[in-house]
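Novice: Please model the complete structure; the sequences and the hints are all you need to start from.
There are 4 protein chains.
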Amino acid sequence: MTTPETPASVPAQARIDTRDRETLDGRRVGHEHRLRVRVYYEDTDFTGLVYHASYVRFFERGRTEFLRSVGLEHAKLLARADPCAFAVTRLDVRFQRSARIDDVLEVATAWREMKGARMLISQRIERHGEAIAMAEVEVVCITDKGTARRLPADLAATLRPLLE
Amino acid sequence: MTTPETPASVPAQARIDTRDRETLDGRRVGHEHRLRVRVYYEDTDFTGLVYHASYVRFFERGRTEFLRSVGLEHAKLLARADPCAFAVTRLDVRFQRSARIDDVLEVATAWREMKGARMLISQRIERHGEAIAMAEVEVVCITDKGTARRLPADLAATLRPLLE
Amino acid sequence: MTTPETPASVPAQARIDTRDRETLDGRRVGHEHRLRVRVYYEDTDFTGLVYHASYVRFFERGRTEFLRSVGLEHAKLLARADPCAFAVTRLDVRFQRSARIDDVLEVATAWREMKGARMLISQRIERHGEAIAMAEVEVVCITDKGTARRLPADLAATLRPLLE
Amino acid sequence: MTTPETPASVPAQARIDTRDRETLDGRRVGHEHRLRVRVYYEDTDFTGLVYHASYVRFFERGRTEFLRSVGLEHAKLLARADPCAFAVTRLDVRFQRSARIDDVLEVATAWREMKGARMLISQRIERHGEAIAMAEVEVVCITDKGTARRLPADLAATLRPLLE
Numbered sequence: 787m788t789t790p791e792t793p794a795s796v797p798a799q800a801r802i803d804t805r806d807r808e809t810l811d812g813r814r815v816g817h818e819h820r821l822r823v824r825v826y827y828e829d830t831d832f833t834g835l836v837y838h839a840s841y842v843r844f845f846e847r848g849r850t851e852f853l854r855s856v857g858l859e860h861a862k863l864l865a866r867a868d869p870c871a872f873a874v875t876r877l878d879v880r881f882q883r884s885a886r887i888d889d890v891l892e893v894a895t896a897w898r899e900m901k902g903a904r905m906l907i908s909q910r911i912e913r914h915g916e917a918i919a920m921a922e923v924e925v926v927c928i929t930d931k932g933t934a935r936r937l938p939a940d941l942a943a944t945l946r947p948l949l950e
Numbered sequence: 787m788t789t790p791e792t793p794a795s796v797p798a799q800a801r802i803d804t805r806d807r808e809t810l811d812g813r814r815v816g817h818e819h820r821l822r823v824r825v826y827y828e829d830t831d832f833t834g835l836v837y838h839a840s841y842v843r844f845f846e847r848g849r850t851e852f853l854r855s856v857g858l859e860h861a862k863l864l865a866r867a868d869p870c871a872f873a874v875t876r877l878d879v880r881f882q883r884s885a886r887i888d889d890v891l892e893v894a895t896a897w898r899e900m901k902g903a904r905m906l907i908s909q910r911i912e913r914h915g916e917a918i919a920m921a922e923v924e925v926v927c928i929t930d931k932g933t934a935r936r937l938p939a940d941l942a943a944t945l946r947p948l949l950e
Numbered sequence: 787m788t789t790p791e792t793p794a795s796v797p798a799q800a801r802i803d804t805r806d807r808e809t810l811d812g813r814r815v816g817h818e819h820r821l822r823v824r825v826y827y828e829d830t831d832f833t834g835l836v837y838h839a840s841y842v843r844f845f846e847r848g849r850t851e852f853l854r855s856v857g858l859e860h861a862k863l864l865a866r867a868d869p870c871a872f873a874v875t876r877l878d879v880r881f882q883r884s885a886r887i888d889d890v891l892e893v894a895t896a897w898r899e900m901k902g903a904r905m906l907i908s909q910r911i912e913r914h915g916e917a918i919a920m921a922e923v924e925v926v927c928i929t930d931k932g933t934a935r936r937l938p939a940d941l942a943a944t945l946r947p948l949l950e
Numbered sequence: 787m788t789t790p791e792t793p794a795s796v797p798a799q800a801r802i803d804t805r806d807r808e809t810l811d812g813r814r815v816g817h818e819h820r821l822r823v824r825v826y827y828e829d830t831d832f833t834g835l836v837y838h839a840s841y842v843r844f845f846e847r848g849r850t851e852f853l854r855s856v857g858l859e860h861a862k863l864l865a866r867a868d869p870c871a872f873a874v875t876r877l878d879v880r881f882q883r884s885a886r887i888d889d890v891l892e893v894a895t896a897w898r899e900m901k902g903a904r905m906l907i908s909q910r911i912e913r914h915g916e917a918i919a920m921a922e923v924e925v926v927c928i929t930d931k932g933t934a935r936r937l938p939a940d941l942a943a944t945l946r947p948l949l950e
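Protein chains in written order, with the numbering used here: chain A, 787 to 950; chain B, 787 to 950; chain C, 787 to 950; chain D, 787 to 950.
Since the hints were derived computationally from the structure, they do not count as laboratory data.
When chains are identical, the list treats them as one kind, so a pair holds in a single copy or across two.
Derived EDC-like pairs (lysine to aspartate or glutamate); straight-line CA-CA distance at most 16 Å:
(1) Lys862 x Asp930
(2) Lys862 x Asp889
(3) Lys862 x Asp888
(4) Lys901 x Asp940
Specialist: Here you go:
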């Protein structure tokens with residue numbers, strides 16, 4: 787007797803949704819979060835390659851999905867009683883190879899350090915295991931007024947076990 | 787005895803890849819192609835909603851994945867002996883509701899008509915079945931020099947069965 | 787006897803600023819507002835031409851500068867006692883020619899009609915007088931909650947004399 | 787007796803064009819090139835501020851206008867007998883303050899070093915003299931095949947006198 791992946795009573799559409807979510811959200815591999823990203827027309831420039839600022843957007847998608855994977859979503863953070871948001875204060879990117887239209891890239895994200903309001907994050911964009919770009923990112927927790935604030939204790943508790 | 791979804795000899799990474807591709811590529815439902823798209827920071831504007839030109843990028847992703855689903859990729863089309871590309875000549879979008887950060891949207895794409903160099907495409911962006919935006923798009927086939935040209939016979943043969 | 791454009795007592799920096807503002811803000815020619823826009827790397831795609839959604843951004847810049855030329859700025863509108871914003875509900879663009887990196891384009895914007903919450907706007911992007919793209923845009927006035935609302939009387943009074 | 791800025795015989799349209807070009811192209815102040823940039827809807831995100839990757843685009847506009855100010859344009863460089871392009875290999879940005887919709891920013895760009903294929907560039911984005919973001923950028927000269935190549939002697943000769 788087989789054990790179907792999903793109970794027979796779950797309609798096909800719901801099964802599809804679950805798989806979609808797995809890909810859209812990315813997945814955790816050890817301390818690293820990995821997200822697949824497709825390169826579209828919008829990401830390229832007239833040299834035929836991916837525009838360098840597009841990788842900056844891809845890195846941001848990776849950080850967003852890392853946070854979502856532990857239950858932290860931007861809109862929810864801003865809606866807290868003590869509203870907070872994450873602001874990038876430093877971004878150091880090394881571009882190593884060029885990606886092209888139609889490529890499927892993978893964004894790897896790891897939280898490295900937390901101290902007061904500051905967090906350090908290491909990121910990497912790969913194409914089939916080949917390094918395309920690396921980033922070291924410093925992010926600070928800010929209030930809805932834009933001033934830096936110590937990371938709320940519950941958020942710190944959520945993120946601490948993920949530190950690499 | 788169970789029948790695993792994928793043979794035991796297929797490594798986990800490969801299984802993941804197959805599912806990722808299903809989501810990244812979207813899927814065909816009848817004559818329609820459907821692609822899931824996540825709303826990120828980059829897609830929003832200072833009103834807190836999705837910037838209207840972001841939907842135009844989402845529609846383009848939908849058309850690209852529709853074409854990929856029948857084996858047509860932009861880079862390959864330009865690399866043909868008779869290079870061709872698709873250029874948008876008209877885009878008529880009706881914006882009905884607003885999407886927000888973190889939303890998962892679905893882009894539905896259907897080829898409606900082909901005649902000479904011209905193709906008409908109907909598209910829709912939904913959030914859980916609710917209409918966000920609708921587009922009627924006219925696309926023409928052009929050479930690598932930018933002049934309109936009749937759609938190559940093999941491409942027309944590929945696309946014709948998909949006409950709604 | 788000539789009249790110098792700026793009195794000798796105005797410092798160089800201020801003169802530069804005034805001229806910059808004239809170009810950054812664009813200028814009114816009859817009922818039309820005209821704004822110069824430079825094409826950058828970020829606006830192109832891998833075909834070597836301007837990405838079609840970039841024109842949608844250029845049109846938006848044109849509408850923004852049209853409004854600024856009569857004293858209406860987005861942030862100020864949202865900060866009113868009766869906060870309001872302009873939301874695009876329909877965008878119908880015809881793409882006629884392709885622009886390229888380094889081109890200087892001109893966005894022409896004219897308000898055509900106002901009725902209740904709705905406004906109709908005609909726009910055109912040209913390169914040295916040659917048509918690149920035309921747009922018919924429908925915009926509605928919304929509250930900060932996103933519901934359509936009749937254009938406030940003072941805004942209507944400001945915009946009415948500009949109708950083409 | 788004053789000398790009018792433009793001779794009386796120059797038609798109004800040409801005068802306007804010259805001024806537009808001065809603003810669109812930016813201007814050199816000592817070793818630094820300065821370019822004014824307006825913040826539009828497209829540059830902001832749902833927090834109400836400028837999206838961090840937008841500054842990366844602004845920095846690129848600054849480098850492009852720096853190069854244009856010495857006669858180097860991207861499309862012309864690619865059209866040379868020995869085609870070349872500039873690729874960003876490292877981008878280190880420190881974000882210090884936030885810009886908002888409608889702000890007029892100034893991008894300051896200075897070439898710092900040239901050695902073989904590599905160039906180092908320092909950039910700064912200011913709002914009325916207040917620092918918004920700083921960038922250290924490493925760029926390499928590449929062929930149209932994407933391989934690094936020593937900067938052509940004529941380009942090096944053009945850029946050398948501008949080194950800070």
